[in-house]
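Based on the sequences and whatever the hints tell you, model everything.
Single-letter residue listing:
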Amino acid sequence: MLNVSDLDFTYPGMDRPAVSDLAFEVEEGEVFGLLGPSGAGKSTTQGVLIGLLKGWGGSVEVMGRLLHEWGADYYEHVGVSFEIPNHFLKLTARENLDYFRSLYSSETSRAEEVLELVGLADSLDVRVSEFSKGMKNRLTFARSMLHRPKLWFLDEPTAGLDPVNARNIREVVRRRQAEGATVVLTTHNMQLADDLCDRVGFIVDGRLRVIEAPDVLKRRYGRRAVRVTVETATGPRGHEFELEGLADNADFLATLRQPVRAIHSEETSLEDVFIQVTGTQLT
Amino acid sequence: MTWLEIARGLVVTDVKQITRDRFLGFVLVYSIMLAVVVRFAVPRLAVVTVDRYGVDIVPYYSLISSFVALTMGSGMVGLVLGFLLLDARETRVIEALSVSPVTFERFLSYRIALPMVVALGLNPLCAWIAGIGLPPLGPMLALSVVGVLFAGIATLTLATFADNKIQAFAIMKLVSGTSMVPLAAYFVDEPLQYLCGLFPPYWLFKAWWVAASGGSTWWIYAVIGLITNTLFLWWIKRRFERLVHKG
Chain A
135 MLNVSDLDFT YPGMDRPAVS DLAFEVEEGE VFGLLGPSGA GKSTTQGVLI GLLKGWGGSV
195 EVMGRLLHEW GADYYEHVGV SFEIPNHFLK LTARENLDYF RSLYSSETSR AEEVLELVGL
255 ADSLDVRVSE FSKGMKNRLT FARSMLHRPK LWFLDEPTAG LDPVNARNIR EVVRRRQAEG
315 ATVVLTTHNM QLADDLCDRV GFIVDGRLRV IEAPDVLKRR YGRRAVRVTV ETATGPRGHE
375 FELEGLADNA DFLATLRQPV RAIHSEETSL EDVFIQVTGT QLT
Chain B
23 MTWLEIARGL VVTDVKQITR DRFLGFVLVY SIMLAVVVRF AVPRLAVVTV DRYGVDIVPY
83 YSLISSFVAL TMGSGMVGLV LGFLLLDARE TRVIEALSVS PVTFERFLSY RIALPMVVAL
143 GLNPLCAWIA GIGLPPLGPM LALSVVGVLF AGIATLTLAT FADNKIQAFA IMKLVSGTSM
203 VPLAAYFVDE PLQYLCGLFP PYWLFKAWWV AASGGSTWWI YAVIGLITNT LFLWWIKRRF
263 ERLVHKG
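Sequence lines, in order, name chains A and B.
When the count follows our numbering, it moves up by one through the first sequence with no breaks and lands on 417 for the last residue.
When the count follows our numbering, it moves up by one through the second sequence with no breaks and lands on 269 for the last residue.
Keep in mind that the hints were calculated from the coordinates and are not lab data.
Among the clues, some could well be false.
[Claimed, not checked] Cut-off 27 Å, straight-line C-alpha distance, at most; resulting in silico cross-link-like pairs (DSS-like, lysine-lysine):
| id | chain 1 | residue 1 | chain 2 | residue 2 |
| --- | --- | --- | --- | --- |
| 1 | B | Lys259 | A | Lys267 |
| 2 | B | Lys38 | B | Lys187 |
| 3 | B | Lys259 | B | Lys38 |
| 4 | B | Lys38 | B | Lys195 |
| 5 | B | Lys259 | B | Lys195 |
| 6 | A | Lys188 | B | Lys259 |
| 7 | B | Lys187 | A | Lys267 |
| 8 | B | Lys259 | B | Lys187 |
So, in structure tokens, the structure goes:
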């Protein structure tokens with residue numbers, strides 16, 4: 135679906151490239167996450183892939199054609215949900231979506247349909263200038279899927295959303311993936327990436343440090359152990375056991391016969407893996 | 023997606039935005055209101071100035087009509103659509119359109135073309151309503167057509183040099199003011215008045231004055247006006263493109 139090699143981009147007037155020697159592939163139907171702290175080069179990479187940034191070096195092939203060979207028809211197949219909402223503020227949500235629907239020659243979803251998916255059905259005829267930031271974000275997300283894009287770029291799609299709406303968004307992405315959409319997710323939210331992505335790429339200072347499935351990374355960099363905390367006369371006490379041979383571990387089984395307060399997996403989080411791999415904190 | 027389909031959707035959106043903003047709606051009809059005032063007030067004023075002060079303003083009718091026909095309508099419609107372009111820049115709607123089948127290049131072409139198309143009707147309409155100091159029909163229509171370039175210039179000037187609505191109002195006054203500067207050339211003899219040629223509208227004003235006084239060389243000034251206004255439009259379009267791509 136997407137094949138990037140030796141991608142370089144330097145903003146005009148800057149000495150250092152914003153991204154350098156980037157190479158990755160995204161398979162059809164995959165959710166691929168580009169993860170990194172602010173200023174790492176995620177948005178620059180997305181800017182190149184969606185055709186907003188010009189003057190880059192390297193090779194980008196999308197849906198079997200080089201990016202520069204695509205014309206306006208590229209956007210019949212590609213959807214983009216921006217991190218910063220961008221709407222006609224004087225128009226209602228319906229008018230905004232109907233306008234964008236009119237731009238596509240392929241079949242599009244109705245405004246009501248996509249707004250229902252993001253929990254904005256009752257704000258259909260409200261002017262966007264009256265929307266909160268979270269509502270505008272959800273409208274941006276809804277607009278990006280109007281034409282059912284084959285390749286869907288999502289930039290921080292849950293930023294500024296409450297947990298319920300953030301979960302809704304995740305479910306919509308999973309549903310679209312099941313229907314065949316390929317997703318490139320740009321985020322510094324490791325929990326979101328862990329939930330949604332089949333593979334992730336860690337990007338720091340414009341370079342990709344690792345590309346792998348989240349589970350593989352967590353296994354590789356995490357500790358395969360459980361921590362059992364039991365109540366004792368002197369207070370809570372923790373015991374750690376390796377996962378290997380856990381069912382036959384007599385100490386583990388004996389510990390379970392005591393009053394158990396909590397059992398926690400010692401599996402590492404994607405955020406911890408990121409810090410270990412890149413030596414960089416996520417901000 | 024054809025050009026016509028794209029333009030139709032954008033026009034509907036523009037009309038909704040303008041009609042929901044009293045200020046923009048007012049600015050759009052302002053030029054017609056002013057032309058009406060010129061038609062009915064100026065001839066009466068001419069009578070008063072002769073009777074009371076012995077000053078005849080009739081020889082200056084072509085000066086007044088040149089402003090009404092060439093820059094007032096174009097300028098006003100250009101500024102209104104400049105506000106919409108600035109709005110699209112501020113709200114980043116340009117980005118959203120750039121990743122749709124409209125694309126940035128098509129959107130910008132439309133945004134520059136629309137004020138010029140509106141001015142194509144508005145310029146001769148304002149001249150006809152004002153009805154004083156007009157050149158013969160041929161030169162009048164030809165100069166009205168070239169005058170539409172000023173609409174595109176006004177749109178891009180406002181959207182390029184203003185970063186927000188407050189600055190936009192200052193730019194609006196600046197555009198209105200500088201479009202009147204070359205009118206001063208009317209009171210200055212040649213060749214000194216050619217200094218006003220640094221302001222592109224001057225050449226069209228000059229062509230209008232020459233045609234209105236029955237001169238035959240008006241077309242030379244019209245051609246120079248066409249070239250200078252086109253070059254200025256091209257330069258400011260490049261500036262706007264750089265601004266958007268940088269930001």
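Hints, verified against the model:
1. B/Lys259 x A/Lys267: violated (32 Å)
2. B/Lys38 x B/Lys187: Holds: B/Lys38 and B/Lys187 sit about 19 Å apart, inside 27 Å.
3. B/Lys259 x B/Lys38: holds (25 Å)
4. B/Lys38 x B/Lys195: holds (25 Å)
5. B/Lys259 x B/Lys195: holds (20 Å)
6. A/Lys188 x B/Lys259: Holds, at roughly 18 Å.
7. B/Lys187 x A/Lys267: Holds: B/Lys187 and A/Lys267 sit about 21 Å apart, inside 27 Å.
8. B/Lys259 x B/Lys187: Cα-Cα ~20 Å, so holds.
Violation of the numbered hints given earlier is confined to hint 1; every other hint is satisfied by the structure.
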